[in-house]
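Sequence lines, in order, name chains B and Y.
Position 141 (the first sequence) corresponds to 141 in this note's numbering; numbering is contiguous.
Position 190 (the second sequence) corresponds to 190 in this note's numbering; numbering is contiguous.
Please keep in mind that the hints were generated in silico from the structure rather than gathered at the bench.
Do not take every clue at face value.
Where chains are identical, the list cannot tell them apart; a pair therefore holds if satisfied intra-copy or between any two copies.
[What the hints assert, rightly or not] Once the Cα atoms are required to be at most 27 Å apart in a straight line, the calculated BS3-like pairs of lysine-lysine come out as:
hint, residue 1, residue 2
1, 110, 302
2, 302, 196
3, 196, 170
4, 95, 302
5, 84, 196
6, 302, 117
7, 302, 139
8, 84, 302
Quick caveat, the model's predicted, so the values are computed rather than measured.
The chain contents come next:
2 protein chains.
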Amino acid sequence: MQDNHAQVREVGLRDGLQMVQTILSTQQKLEWCRRMVAAGCTEIEVTSFVPPRIVPQFADSDEVARGALAIAGLHPSALVPNLKGAQRAFGAGLKSVHYVLSASNEHNLKNVRRSTKESAEDFYNIMAARDESGLRDVKLGAGVATAFGCTIAGHVDETTVLDLVEYLLKTGADEIAIADTVGYANPGQVRQLMRKVLELTGTTPVTCHFHDTRGLGLANVVAALDAGVRNFDSSLGGLGGCPFAPNATGNINTEDTVFLLESEGMSTGIDIDALLEIRGIVASWLPGEAFVGAIARAGLPKTFHAGMA
Amino acid sequence: MQDNHAQVREVGLRDGLQMVQTILSTQQKLEWCRRMVAAGCTEIEVTSFVPPRIVPQFADSDEVARGALAIAGLHPSALVPNLKGAQRAFGAGLKSVHYVLSASNEHNLKNVRRSTKESAEDFYNIMAARDESGLRDVKLGAGVATAFGCTIAGHVDETTVLDLVEYLLKTGADEIAIADTVGYANPGQVRQLMRKVLELTGTTPVTCHFHDTRGLGLANVVAALDAGVRNFDSSLGGLGGCPFAPNATGNINTEDTVFLLESEGMSTGIDIDALLEIRGIVASWLPGEAFVGAIARAGLPKTFHAGMA
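Looking at chain B on its own, in the form it has when it is part of the complex (with noise of 0.2 Å):
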């Protein structure tokens, strides 16, 4: 991997269109995810295992998985709430998988319906059953959430999610994310506590996860930049929300966070046009859905060119 490689996972499919008021076919899905690869974009969240009566949207996330990972190129995951989601994901054949806790117990209660601990412990009965499974090689990810505050708790402690990425590691986590869940963090906190947590994870590859909901996802990603992070989930068009603030705009958008990390001297692999003509298609299908982004409205500039810097 070169020095300057950066990461964007699309999480449009997951956290964007759990947001969504259309369900997309399975059809749709897996032309969105056949096109992003073909943008050059192969990492990408498919699905979420949650129960259909609780997300409709997610249904047919089997069927998603299953034709997800019949397209060349791609390296498909999945969010997993709990040991049984995570059992369906194995059961469907994904070789990587993200389960995701909160910081504040109080997110997590309201969230999944207990505490920070018992998802904890939770992590480590996941990562008993893909052993016991022989399964691997399935990457198994833990994200922390509501890692710089949270609209119910407020402050949640710098050390509270230090000792849960500790605890996830030494239980075999091969991939960290840390999630600013509800838009709160601020580019000098992103720098601070993600310094501290790439010295815990050492060669384990760590993700940001940020939303826009107060204007500073961008701001926020090149704190993480200056940190050492080189991994970002993003969403395109920035679809999504906030279900804890109407109006609000959801994750960092796919389109603007790779003109961003290019424009930095990154490179992503992502053709920015591509990613344009597939926001148009997108949006065509979720008829209503608000679609956010600079690059869309204003185009690129032209002194742009990829890996800039």
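For this one, chain B is given, so just place chain Y on it according to the hints.
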């Protein structure tokens, strides 16, 4: 002045209003100013001394300047495009006047129908006119527009910008502003250029004037802070836009900029809740104009307190 002080200058009455359809009354403009001062924002670019036939919004620039000078606590300034505009600003009694020229000769020709060299010579004439009129107490600042690239010419050389800064300083500029007029700047570029600018300016104040056209406005503020810049222009509600990119957003948003700076541990002296109230009032005066901004949509984080770090 404290070490952690950052200055936010409101330019919505100038850069914002020059783009809108509705002409505000002089009384409305002055009420906007009064309310900003009450919110703690005491630096306001209140008008532009351009010919009224070019920008009818500024036909009342004399009255606005005189009215603003009568507001206790306010330090009003105005933009001037040429000697004639400067003489009108001096005549109105303003103690702070900003001149601007473009690093891109093509942009300068389009903007003021003369070359950058001719505009640079005119700054000398304006400075001489000020001194001959015995107005040495008037601060005469100079801004370099399209300092990070140009929608017409494309790339702008760093040395072109730095040579202009040297010339403006030698001619006696009391402030240097570096403007990303078209929203082309990226954080790496900002950090690098602003470090070099600050090496030249010594004790002369330096202001960054960013547009959020391509979503990197606040990320660029963080980069400029890193470089040592402490003065920023911004516009309430991001009012304005970009004449060169229809549908694009304009100046960085004042509320979001104050939120970012305070989150980064800087002290602006400005009350964000009061800004949001003024935003609502100004928006009611300007039907149909786009007011953008993340804090207005999502609210402040529960964890926010001024000067956080």
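Subject >> Which numbered hints fail >> reply: 4, 5, 7, 8
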